[in-house]
Every structure is written in structure tokens, then in C-alpha cells.
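Dock chain B against the given chain A, drawing on the hints supplied.
Residue numbers (the working numbering), protein chains in the order written: chain A, 1 to 276; chain B, 1 to 276.
Just so you know, the hints here were simulated from the structure itself, not pulled from any lab data. Wrong hints could be hidden among the right ones.
[As the list claims (entries may be wrong)] Calculated lysine-lysine pairs in the DSSO-like style (CA-CA distance at most 30 Å, straight line):
{"id": "1", "chain 1": "A", "residue 1": "K261", "chain 2": "A", "residue 2": "K3"}
{"id": "2", "chain 1": "B", "residue 1": "K113", "chain 2": "A", "residue 2": "K77"}
{"id": "3", "chain 1": "B", "residue 1": "K166", "chain 2": "A", "residue 2": "K166"}
{"id": "4", "chain 1": "B", "residue 1": "K247", "chain 2": "A", "residue 2": "K113"}
{"id": "5", "chain 1": "B", "residue 1": "K113", "chain 2": "A", "residue 2": "K137"}
[Claimed, not checked] Far from chain A, by Cβ distances over 12 Å, these chain B residues were calculated:
{"id": "6", "residue": "N2"}
{"id": "7", "residue": "S34"}
{"id": "8", "residue": "H35"}
{"id": "9", "residue": "Y81"}
{"id": "10", "residue": "I86"}
{"id": "11", "residue": "S131"}
{"id": "12", "residue": "K137"}
{"id": "13", "residue": "D156"}
{"id": "14", "residue": "R200"}
{"id": "15", "residue": "S201"}
{"id": "16", "residue": "K254"}
{"id": "17", "residue": "L275"}
For each residue, glycine too, the CB sits at the ideal point set by N, CA and C.
Here is how the chains run, residue by residue.
2 protein chains.
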Amino acid sequence: MNKKQLFEQIKSKKSFLCVGLDPVLENIPQHLLSHEDPVFEFNRQIIDATKDLCVAYKPNTAFYESGGLKGWESLLKTWAYIPEDIFSIADAKRGDIGNTSAMYADAFFNKEKSGMSFDAITVAPYMGRDSVSPFLKYENKWVILLAATSNEGHNDFQLLQTPKGKLYEQVIRISSTWADSERLMYVVGATRGSEFANIRSLAPDSFLLVPGVGAQGGSLAEVCEFGLNDHCGLLVNSARGIIYAGKGEDFAEKAREEALKLQLEMQQILEEAELI
Amino acid sequence: MNKKQLFEQIKSKKSFLCVGLDPVLENIPQHLLSHEDPVFEFNRQIIDATKDLCVAYKPNTAFYESGGLKGWESLLKTWAYIPEDIFSIADAKRGDIGNTSAMYADAFFNKEKSGMSFDAITVAPYMGRDSVSPFLKYENKWVILLAATSNEGHNDFQLLQTPKGKLYEQVIRISSTWADSERLMYVVGATRGSEFANIRSLAPDSFLLVPGVGAQGGSLAEVCEFGLNDHCGLLVNSARGIIYAGKGEDFAEKAREEALKLQLEMQQILEEAELI
Numbered sequence: 001m002n003k004k005q006l007f008e009q010i011k012s013k014k015s016f017l018c019v020g021l022d023p024v025l026e027n028i029p030q031h032l033l034s035h036e037d038p039v040f041e042f043n044r045q046i047i048d049a050t051k052d053l054c055v056a057y058k059p060n061t062a063f064y065e066s067g068g069l070k071g072w073e074s075l076l077k078t079w080a081y082i083p084e085d086i087f088s089i090a091d092a093k094r095g096d097i098g099n100t101s102a103m104y105a106d107a108f109f110n111k112e113k114s115g116m117s118f119d120a121i122t123v124a125p126y127m128g129r130d131s132v133s134p135f136l137k138y139e140n141k142w143v144i145l146l147a148a149t150s151n152e153g154h155n156d157f158q159l160l161q162t163p164k165g166k167l168y169e170q171v172i173r174i175s176s177t178w179a180d181s182e183r184l185m186y187v188v189g190a191t192r193g194s195e196f197a198n199i200r201s202l203a204p205d206s207f208l209l210v211p212g213v214g215a216q217g218g219s220l221a222e223v224c225e226f227g228l229n230d231h232c233g234l235l236v237n238s239a240r241g242i243i244y245a246g247k248g249e250d251f252a253e254k255a256r257e258e259a260l261k262l263q264l265e266m267q268q269i270l271e272e273a274e275l276i
Numbered sequence: 001m002n003k004k005q006l007f008e009q010i011k012s013k014k015s016f017l018c019v020g021l022d023p024v025l026e027n028i029p030q031h032l033l034s035h036e037d038p039v040f041e042f043n044r045q046i047i048d049a050t051k052d053l054c055v056a057y058k059p060n061t062a063f064y065e066s067g068g069l070k071g072w073e074s075l076l077k078t079w080a081y082i083p084e085d086i087f088s089i090a091d092a093k094r095g096d097i098g099n100t101s102a103m104y105a106d107a108f109f110n111k112e113k114s115g116m117s118f119d120a121i122t123v124a125p126y127m128g129r130d131s132v133s134p135f136l137k138y139e140n141k142w143v144i145l146l147a148a149t150s151n152e153g154h155n156d157f158q159l160l161q162t163p164k165g166k167l168y169e170q171v172i173r174i175s176s177t178w179a180d181s182e183r184l185m186y187v188v189g190a191t192r193g194s195e196f197a198n199i200r201s202l203a204p205d206s207f208l209l210v211p212g213v214g215a216q217g218g219s220l221a222e223v224c225e226f227g228l229n230d231h232c233g234l235l236v237n238s239a240r241g242i243i244y245a246g247k248g249e250d251f252a253e254k255a256r257e258e259a260l261k262l263q264l265e266m267q268q269i270l271e272e273a274e275l276i
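So that you can see chain A by itself, here it is in the shape it has in the complex:
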């Protein structure tokens, strides 16, 4: 999916919501545990209940790998179940030397080899350009590079001063010479309120993937005040706030209610910004 198509989806659904598919076996409703693949069944029902309200799904690979072979199988089935017109993100935070990153690109972009072909993958920037470039060789696929993450550890290295600004600013500046905003997005945590205006000025045309609204305490209004651009430019992720909204047999309905609240809030924001 290219940038124009993504914006069309946002306008059509009046939403820039990304639903994080991060199920933990211990937290999913009891009645699903008798299913052959409870994790997939959980995701399937969440997807059915929210697919008209969101423009992206983001399974975080950790939640699947932790279940071993069965978990990886749930990931494959989940990817296959995400509707084709919804942007799919492998939140994998990979990155390695060139020939190895090419293998990761196969894992997440090359369906013939791995059984999956996501629209995008999250990548950690520490190893630099050649750890990122193999992912950029796939047409219409995206790299979403970690810039300013939502967690406390953000302070340890990302805020270190370098001669031309903080490390995360340099990550944005330098990586923007590797690919343009048609191929590269950035992860910016919703908890980074005060830094949002600055980040938007460094990457005026880029989509930002924004986790941290909800369970992690970030504010949607604040994110949008500084983060919106003329093609929206935001994918705001919510995982726990949506998928664990209910614990009973009506968990999917409850998830829909939470997704709907966010969608309506987003619709108002898009209308006020005259983007729809």
C-alpha cells in the first residue's frame, strides 16, 4: 500500500487508528482456550469487530514468538486474516548487518519464502543504513524506524546530545537521506508530547506510528495538536486499551466499543483539521 492509498483509507474510514494485536494467553477470555488456536481465534474476533474502524493492524512479534512454534503459526494465520485493504505492520523491531536484514525482509515481506507479506516492519536504527536498506528494496513496502519510543528507557540513549541535536533527531535526519516519506515512517511514542512539534518539523511529510495512547498514558489530542499534517501523517496505535476492554464472551463487542470511541475522536480531529 502506498502513501496515497493509505491517506485514502484514512479519509474513507474517518480514522487513523492502528489496532495492536498483542495477545497474551493468560489474558485472553477463558472460553477461547478450548479453541485449537486460542490466540488466532482471539485475533480473528478482534479483527472482525474492528475492521471498519481502523486502517492498520500491528501484531507485535514478541507475543507470538513467546509461544514457540504454535505462536509463530498464530502469527502466520493472523497476517493472512488481516483484510488486504488494511495496512499491516509487523512490529518486529529487527535490524542486523545487510545480508542478515535481507533474511528478515524475506521473513516479513516475502510470502513465497515465509508465508507472510506485511506492508511494513518496524526496525531499530542502531546498526545504521545497511541494516535498513534491505527492507527498502521491496516495492510498496515500508520501514518504520524507531525514533522516539514511548518507554522510560527512551531517556537512556535517544535523548543523548550529539553535535547536531539529540540522537533521535539525528536518526530522523540521517535516515531521511536513505528513503523518502513514501517508504519510511517513524515510531514516535504518544508519551513524547513536548517533542512532537519538533519531530514533525524534522519529518514534515512522514507518517508517524504512535504507540502509547491508552495503557501507557499518552494523549490523542496532544499527539494530534502537533503531529497532524496535510495527509494526516499519523497512525495511532492502541493495543491493550482495545483488545482487553472486556474479559468475557463479549470481549469483541467491548473491543469494538473502545475502538469506536477512538474512531469518533479521530473523526472529529480530522474534520476540525479539514482533512475530511
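Chain B in isolation, oriented as in the chain A frame:
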């Protein structure tokens, strides 16, 4: 395996060789392709042929994930086949927010959940302390943090100047307050010759995992000149140079020959340093 046990293994085998198990289906000998799991069969024969010459095996997860479900199964079987007294490293370069890194720790350290329990995992430092700490909760398990990597992209961010030194130096300095050299190692590429003395002074007691000897052009002698400490302190990895030494039915013998060359070189270095 703890630090003392690792040094005992090094002295007993007169080797600090780590063999990288990074098989690409296209590169493994033709005659193995008829096996039900050619990747595992390849690894099995490599392990049989080299296990008395090395102290560690390091499968890089990318080479397994690229094969999808079947690839993940090969990884599980490979982990299970690594002898218990040989240090096993999941070269996964993971790292995420705390609750998610805890899932990755399950994936690679918690056999009951995932089917695998490596001795160590490589972790990317960009997301800071809380992305690393969940891995440190497992007794006798190790985090191997990326510091100065062997690839060209090393120059993009790792060498940026911060108020207290280069970024990779700060990664070592700051992370050394999270855990001591009994739990934390660092990845330092063999191609970083001139920086090795500096790195050793920053982490005098730590083991360093050193990729980049062989295919990537790093020199074992140079690494050892600056990198050895009083308990060796080095695990030198070779992957392509060993596993692809032969392309025919004798590939395992050829792999052994290359591993033996390195082991003998290491033996001499350990003797000269009076460590054995």
C-alpha cells in the same frame, strides 16, 4: 552457564570459538535437500563436526524466520541439538518496551513456553534500560548488548559524539550500571580493530562477542592483541568461513578443517597469554 564455567570451557577446549549457524537454503549442499529438514540436517552435521573445537554456537534468528514456520521449527531443533555444555546464543537483536521484552525473554529463555532456552540473547540498546532488564531476570542467562557492530552502518549512529564520548561508548558505560560482567556481554565487531583497546578499557571484565572474523575481513590477531583479558573475555564468531567451507558431501569435514585452523590459532594465543 556462568562466567566461571564459560572460562573453564575455554581452558578445557583451548578455544574461544563461536560457530555461527546461519544456513541459507540456497547455499547448503545439494545432497541435503532431500532431507525432511535440510537446514536442521546441515546444522546437525556442522555441530557434530565442530563441537569439540568451539565453546559456543550462535544461530542468527533471521536465517530461520525467513523460512517461515518450517524455519522456526529448524531453529527449535537446532537449539535442542546444541550440547548442554556448549554456550548457546540466540542472535536475535531484539529489544522492545518492558512488557514486550519480557515476551522475547520467554521466547528465547523459557523452554516451557517456547521450547527453547538459550544461554544468551543479543539485544539492541536503542530503547534503553527497560528494554533490556526483562532478559536479566533469568538466572544464569546473559544479555549480549550491541555496542560497536561490524558493519558499515556502524558509522551512522554508533560513532556520534555525545558529551561523554561516542554513542557506543555511552552504551557500554550506561549499561554497565544495569548489570555486571556476570550477566552482560557486548557485541564488538572484529572489524573495529583500532577501537578494541578503548572498548576493553571501558569493559575490562566483560566478555565480548566478536563477529566479523573471516567473510567480513576482521583479524583474529588484532582482536586478541587488544581484547584478551585475564579470563579470555572473548568469544570470536565465525559463520560463513566455517559453514560454507565446502559445498559437497564433505562439507562437514571442510567445516571442521576451518574450525580447527581457528582453534589452533586460538590455542597459541591462549598459551602465549599464559591463560592455559
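Failing hints, ascending?
5, 11, 13
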